[in-house]
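> Sequence:
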Amino acid sequence: MKNKVLYIGSKIEKIKSGADQVNKRNQELLESFFSVTYLPFVNGRFSKLYFSANDNYLKCIEERLCSEKYDFVFVQQSLLGRVCQYIKKKYPLIKIIVFFHNIEIQYAQEYMRTKGLRAIPFYLSVLYWEKICCKNADYYITLNRRDSLLLHDIYTRKSDLELPTSFHDIFDMRIASRTKASMENEPVDYLFVGVSFFANIQGVQWFINYVMPKVDGHFHVVGKGMDSVDFKNLTDKIHIHGFVDDLSDYYYRARMVVSPIHVGGGMKTKTGEALMYGKTILGSSEAFEGYEIDERCMILCSTEEDYIRAICNMANDVHLYNTSARQLFLKYYSNDVVRFKMNSFLKSIANEE
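Sequential numbering of the sequence shown, starting at 4, is according to my numbering.
No lab work stands behind these hints, which were simulated from the structure alone.
Some hints here could point you the wrong way.
Unchecked claim - Label-pair ranges, simulated between beta-carbon atoms:
no.	residue 1	residue 2	range
1	E113	A353	32 to 40 Å
2	C63	F201	27 to 35 Å
3	N338	E71	57 to 65 Å
Unchecked claim - Straight-line alpha carbon distances no greater than 25 Å define the calculated DSS-like cross-link-like pairs of lysine-lysine that follow:
no.	residue 1	residue 2
4	K161	K92
5	K62	K91
6	K334	K344
7	K51	K92
Being a predicted model, the structure only gives us computed values, none of them experimental.
By construction, the Cβ of each residue, glycine as well, lies at the ideal position given by its N, Cα and C atoms.
My request is simple: use the sequences and hints to build the entire structure.
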């Protein structure tokens, strides 16, 4: 009989962000090994303060744990410290697994530098609840080595598993070949994919301000909420799109992907996605954090001059597909690769029971 897991959060049906992508991957891996029950968040007072772990939600947890025996609780992100604290106090024998999309306090510090004093309440909530999470969890999963080191440095906790961003491989070489042959639609010379959170907005605006005036070609930005951002210095070469159901057409048409992200944590899921589609990526060190680096497809750019130089060097390259990018993805970042790591970890903790 499979071990039973209570998953803190909703089952992901539609991917709208990088976090959704990772959460859905985690859910599929858990389902391949455990019997999983999902507990969606509910409305209630102070939901924002408690990062959805309001009193109503704690009552739902209590009802679920009273009605059925679970071996593990899987907490989908490290801000749910109130959940971890509640479960550990009332059900100390249930093992709690927490997934860190990043070390949230690091993100909160960067956010406060950008937003100033108005970000202090958010910062203090993150500081408190992530610390509580680390005090009460039993197992910690991080995305990469940097986050593992931060987890230890800040909270003196050791990561039990480093599980990088990965994807179900949906690339189709036949479509890629047809796209290359036709190219009837508007050109996508430089593609940025990401939702409208502050680091992405900063990166896109920086690229518009400092790189686009000095290069030829069309820049496409795609992501939930991006079409509502008041970007400055737009021209007819810059195209801002909001959420789209299927990103594949943009990736297939893109000559290269750009990722001028200067702050953040965890791993950038869109870097892995670009590798899946066989794209050359021009990006910052933050964009490549946690990834194996292959200079044949990942070009590190620290300044506007670096981006301009790299774009000019590729001016005569009409290829839309980079074999090295695909090979890197298949070796490290497909779901088939990480499934073995996750299953080995889950098997080891299940055997401890």
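> Broken hints, numbered, in rising order?
3
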